[in-house]
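Peer 1: Letter by letter, the chains look like this.
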Amino acid sequence: GAVVSQHPSWVICKSGTSVKIECRSLDFQATTMFWYRQFPKQSLMLMATSNEGSKATYEQGVEKDKFLINHASLTLSTLTVTSAHPEDSSFYICSALMEQETQYFGPGTRLLVL
Amino acid sequence: KQEVTQIPAALSVPEGENLVLNCSFTDSAIYNLQWFRQDPGKGLTSLLLIQSSQREQTSGRLNASLDKSSGRSTLYIAASQPGDSATYLCAACNQAGTALIFGKGTTLSVSS
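In order, the protein sequences belong to chains A and V. Take the first sequence: its position 79, counting from 1, is numbered 79 in this note's numbering, and each next residue is one higher. Take the second sequence: its position 5, counting from 1, is numbered 5 in this note's numbering, and each next residue is one higher.
Hints may contain errors.
Straight-line alpha carbon distances no greater than 35 Å define the calculated DSBU-like cross-link-like pairs of lysine-lysine that follow [claimed, not checked]: (1) A:Lys20 <-> V:Lys42; (2) V:Lys104 <-> A:Lys55; (3) V:Lys42 <-> A:Lys55; (4) V:Lys1 <-> A:Lys41; (5) V:Lys68 <-> A:Lys66; (6) A:Lys41 <-> V:Lys68; (7) V:Lys1 <-> A:Lys66; (8) V:Lys1 <-> A:Lys64; (9) A:Lys20 <-> A:Lys66; (10) A:Lys41 <-> V:Lys42; (11) V:Lys104 <-> A:Lys14.
Worth flagging that the hints you see were computed from the coordinates, not collected in a lab.
Make the full structure from the sequences, and use the hints.
Peer 2: Below, the structure written as structure tokens:
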């Protein structure tokens with residue numbers, strides 16, 4: 001089946017630093033990727049929709065200047081958490097849409113901001 | 001706005017029992033519905049996907065049903081095993097190519 005990777009899988013950083021998370025579709029092209037966030041004991045919540053070659057669409061309540069998304073190629077989308085704070089600590093999961101039909105999920109990135 | 005609810009939030013059963021996990025959604029005009037498994041600290045494993053035109057899907061000991069008119073889906077696990085212990089997430093897709101809307105999950109514990 002289709003494979004989506006995320007890097008890094010774990011990151012611990014100091015408050016105020018920026019963290020970049022990569023999401024790659026390894027064996028298919030994805031014009032659309034989604035970024036979700038999951039807080040402990042909570043469900044996955046959509047943060048933004050990433051479209052190759054255009055600006056991302058953010059969900060209500062998600063700060064676009066804080067969570068920068070770049071979908072520069074058909075196999076790569078990046079999420080940068082700028083000036084991270086402890087409340088940004090969460091599990092970030094991306095998914096890539098194959099043939100505009102099926103979503104394949106990455107393994108997730110756990111972010112801990114101290 | 002689509003909302004997905006899963007009941008119960010947690011479930012403990014002895015090994016060998018058959019069990020049912022419930023998922024309800026508020027907007028019946030869904031494109032498909034998917035069940036996932038999530039192990040602690042891990043990503044998602046897709047279990048079953050039911051298209052809106054389908055009533056059920058089966059994979060091994062798992063059977064998922066879909067009743068759009070009542071806004072419900074169930075995941076049936078036969079002969080549960082300790083290895084089935086995980087959180088099970090239900091997610092609805094309203095239109096092709098759009099993001100999934102997840103429930104909060106049911107955390108299953110199967111004791112040996």
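Peer 1: Output the indices of the hints that this structure fails to meet, ascending.
Peer 2: Violated: hint 5 alone.
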